[in-house]
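Using the hints provided, position chain Z relative to the given structure of chain D.
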Amino acid sequence: MGLLEAQDLTVSFGRLVAVNRVSLALDQGEILGLIGPNGAGKTTIFNVITGVYRADAGAVRFQNQEILGLRPYQVARLGVARTFQNIELFGGMPLLENVLTGFHLQIRPGVLGAALRLPAPARREREARAESLKLLEFVGLQTLAAQRADALPFGQQRLLELARALALRPRLLLLDEPASGLSHAETDALAQLLRRIRKELGVTILLVEHVMELVMGLCDRIVVLDHGEKISEGSPAKVRSDPRVVQAYLGADGA
Amino acid sequence: MKRVGLTLVGALIFVALPFLVNNYVVYLSNLIAINVILAIGLDILTGWTGQISLGHAGFAAVGAYASGLAILHLGMPFWLALPLAALFAALVSLVIGFPALRLSGHYLALATFGFGEVIQLTIIHAERLTNGPRGLWLPAPALGPLKLGTDRSLYFLIIPVTAVLLLLAWNLSHSGMGRALLSIRMSELAASSVGISLPRYKTLAFALSAFYAGIAGGLFGALVKFLDPGAFSVWQSILYLTMIAVGGMRSISGAVIGAALLTLLPEVLGGLQSYMELGYGVLLLTFIIFIPEGIYGRLGATLESWRSRAATAPSGA
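Protein chains in written order, with my numbering: chain D, 590 to 844; chain Z, 2 to 318.
A portion of the hints provided could be inaccurate.
Far from chain Z by the CB rule (all over 12 Å, computed), these chain D residues [what the hints assert, rightly or not]:
id	residue
1	Leu592
2	Thr672
3	Phe679
4	Gly680
5	Met682
6	Glu726
7	Asp739
8	Thr776
9	Lys819
10	Gly823
11	Gly840
To give an idea of the interface, some chain D residues facing chain Z are shown, with a C-beta separation under 8 Å as derived from the structure [said to hold, decoys possible]:
id	residue
12	Leu659
13	Arg706
14	Arg753
Since the hints were derived computationally from the structure, they do not count as laboratory data.
No residue lacks a Cβ here, since even glycine has one placed at the ideal position from N, Cα and C.
This is chain D alone, in the form it adopts within the complex:
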C-alpha cells in the first residue's frame, strides 16, 4: 500500500518546464532517494508535495487523500514534515523553542488560553517541552538547548531542523539535501540517525541528496531525474549501472 503516490506531476515556471510528467510512489517504512543533476527538479517536487508550489497537472495522494492544492500548513497537519536545502531555522530562538514550534499542532495555543494562562494549554506546553528535550537528545543536541539556533555550526543546524520536523510526529519525512555541507564523519552519523528514525519512529523518508555515498548506502530504492523527467528508477545497484544515469551525470559533470 503506497503512503505517498505522485502521478504525472508537471510543474512549469513561465516557459520552463521544471518537472515533466513525473510519477513516484513511497511505501510505508521505505527510504526513497530522489537524485539527479542540479536543476533536475528535485526540490521543485518537494515544494509541490508540501504545497509551497502549485502543479500544472498531475495528482499527489498521501494516505489515499489528494493533497495537491493544499497549503503548506495543511500538508504538515496530515503528517508530512520536511527540512530545507537552505536551512530554515528560527535563528533568534533557542534550540528548544525551535523544536517547540514543531509541537504547535499539539499545543494548540488559543488567545484566551494564552492570555489568561489557563491550565490546559499550559499543561500541553509543559508536555511538549519535555518531548522537545527528548528530541534534542535524540539528535544529540540536548546540551545546547538554551543556545540560539543561529549560533550553531552548520552541521548541527541541519540536526536541529531534523528534530523540529520530527516534533510533528510525521508519517512521512522529506529531507532536502540533509548531508550537504557536512563532514564525512557527520554524514556517517546522519545515516545512522536516519536509520533510527525509520526503525524506532516508523517514519517513511523521501531523500533528496547529492552525496552518493549516503544515498546508495541508505535508500531502498532510488528515482533519478534529469531535466525534469524521470530517467531511471530501482535499487541502488540497478540505478548505478543504468547507462542513462551515467550519461546524465557525466554530461552534467563534463559541461
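Here is chain Z on its own, set in the frame of chain D:
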C-alpha cells in the same frame, strides 16, 4: 517575599503619585499609559509577527469614535462602550486584514496606510454622525454613579486598564501563541512547514493589535473629551511605530520606554513643535538603521556585558 514587597511598593506609588504631583503630570501619565497600550498592541503585530502597519491611528480612531458615539447617541455606559468599541476595531481589522494580510512587506504597509486615510476621510465626511472636521465633544465618562471628570479620577481607571492589558500581552507573548507569531516573523516558510497557519495567525495578530488600539482610542476620548479627525492622521501611526522602534520591539519595557519618551518629547520641545514630524522620521530611521534593538535592547546588552566583565575582571587581573 521580595516580590510581594515590590508589588506593595509599586501599589503605594501608584496610589500616592497623583496626589504628589500637579494635574499636568497626571494628565501626561494618562497620555503615556494610553500610548503604551497602543505601542504594546502594535508590537504584537510588528515586533512579534513582523507585519508593519501604517494605519494604527485608524484603529484608534475607530475605537475613539465608536465608543464616543455609543455613549452620546445610544446612551451606552462607558464601561460597556469601551470594550465594545475595541471589539469593533478588531472586527474592522478582520475585514481589511483578510485581503491585506495576503500582501506582505511594503504592500501591507501601503494597504494599512490607505486604510488609515480612508478612516480619516470617512470621519471628515460622515458629518451628521461625527460632526466632521469640527470635532466631537464627549461627556466625562462615568462608571455607574462615579463620574470620572478629573484627570486624577481617570488615572485610577487608565493605569489599571493599562496594567491588565500589559499582563495579558506578556502572557500571550510567553506562550505557544507568541512563539507561533515570532516564528512567522523569522521564517514564513519554516513556520508553515510545522503546521502554523499564516493567514490565521497574521489575522489574529492584526485583530489583537487593533483591539489594543481601539481601547487606547476609547480611553483617549475619555481623557481629552474632544475628538477630531486630525488627531488620527498617518503621522500618528508613524509616531506609534517610532515608539516601538525607539523603545525596543518584543519587550513590554521597550514599549513603555518608547511610549513615554515620545509622549514627553513634544512637551519638552515646546517651540520646535512644527519640526516634530521631521524629528520622528529622523528618530525612526536612526533607530532602525543603527540601533535596531531599541533603547531597552541596547540597555540589556550593555548591562549584560558589564556584568560579564565584572565577573571575569578579578580572575583576569
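Comparing the hints with the structure gives:
no., hint, verdict
1, Leu592, "holds, 19 Å"
2, Thr672, "violated, 8 Å"
3, Phe679, "violated, 4 Å"
4, Gly680, "violated, 6 Å"
5, Met682, "violated, 7 Å"
6, Glu726, "holds, 19 Å"
7, Asp739, "violated, 10 Å"
8, Thr776, "holds, 23 Å"
9, Lys819, "holds, 25 Å"
10, Gly823, "holds, 30 Å"
11, Gly840, "holds, 32 Å"
12, Leu659, "violated, 11 Å"
13, Arg706, "holds, 5 Å"
14, Arg753, "holds, 7 Å"
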